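Reading the sequence shown from the start, the letters are residues 1 to 119 in the working numbering.
No lab work stands behind these hints: they were computed from the structure. None of the values given here were measured: they were computed from a predicted structure. It cannot be assumed that every hint is accurate.
[Said to hold, decoys possible] Below 25 Å or equal to it, Euclidean Cα-Cα: the simulated PhoX-like pairs (lysine-lysine) are:
no.: 1; residue 1: Lys75; residue 2: Lys116
no.: 2; residue 1: Lys21; residue 2: Lys53
no.: 3; residue 1: Lys79; residue 2: Lys116
[As the list claims (entries may be wrong)] Simulated DEER-style distance windows between Cβ atoms:
no.: 4; residue 1: Glu45; residue 2: Gly80; range: 20 to 28 Å
no.: 5; residue 1: Gly55; residue 2: Leu117; range: 52 to 60 Å
no.: 6; residue 1: Glu115; residue 2: Arg81; range: 21 to 29 Å
Don't be surprised by glycine CBs; every beta carbon is placed ideally from N, CA and C.
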Amino acid sequence: MEPDSLATEVILTQRNQSLGKVQLDWTPQPGNYVDFEGQTYAVLERRHRYHLKSGRYHLRNIALYVQSANRPTEKTLVKGRWVIGDATCGYNAQSEIMRCAVNPEGPCESCSFYEKLAV
1 MEPDSLATEV
11 ILTQRNQSLG
21 KVQLDWTPQP
31 GNYVDFEGQT
41 YAVLERRHRY
51 HLKSGRYHLR
61 NIALYVQSAN
71 RPTEKTLVKG
81 RWVIGDATCG
91 YNAQSEIMRC
101 AVNPEGPCES
111 CSFYEKLAV
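With the hints as constraints, model all of the structure from the sequences given.
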């Protein structure tokens, strides 16, 4: 195993079912998307697993809890992080995982509920 990559277990949240393991050279955060065996998943949660060796804890692997998803085409940069959809709308959730409550599937472009935020 290369020092920059960790064994990462991908777990489907709905069924609490392990989809398998993969070596990643980056650490996915909740809200990121991961491609695994031809399918795209949204990362909902990340857990670290450690083992005790010589009196010290060492990171052994990472568990990613995911759900099946499509990569969003609409993103807005807000305070250094990407959120789904048009962040100028008052209904936008300002989230990497969910667009909004009234039109979660989007698109924002033709949404009849669009309401510009008051400045």
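Do the hints match the structure? See the list:
Taken as a hint, the Lys75 and Lys116 pair is honoured in the structure, with Cα atoms around 16 Å apart against an allowance of 25 Å. Between Lys21 and Lys53, the direct Cα distance comes to roughly 23 Å. Compliance with the 25 Å bound is thereby established for this hinted pair. Between Lys79 and Lys116 the CA atoms are separated by roughly 18 Å; this keeps the pair inside 25 Å, and the hint holds. About 22 Å separates the C-beta atoms of Glu45 and Gly80, a value consistent with the hinted range of 20 to 28 Å.
Under the hint 52 to 60 Å, the C-beta atoms of Gly55 and Leu117, about 53 Å apart, fit the expected range. At roughly 22 Å, the beta carbons of Glu115 and Arg81 sit within the given window of 21 to 29 Å.
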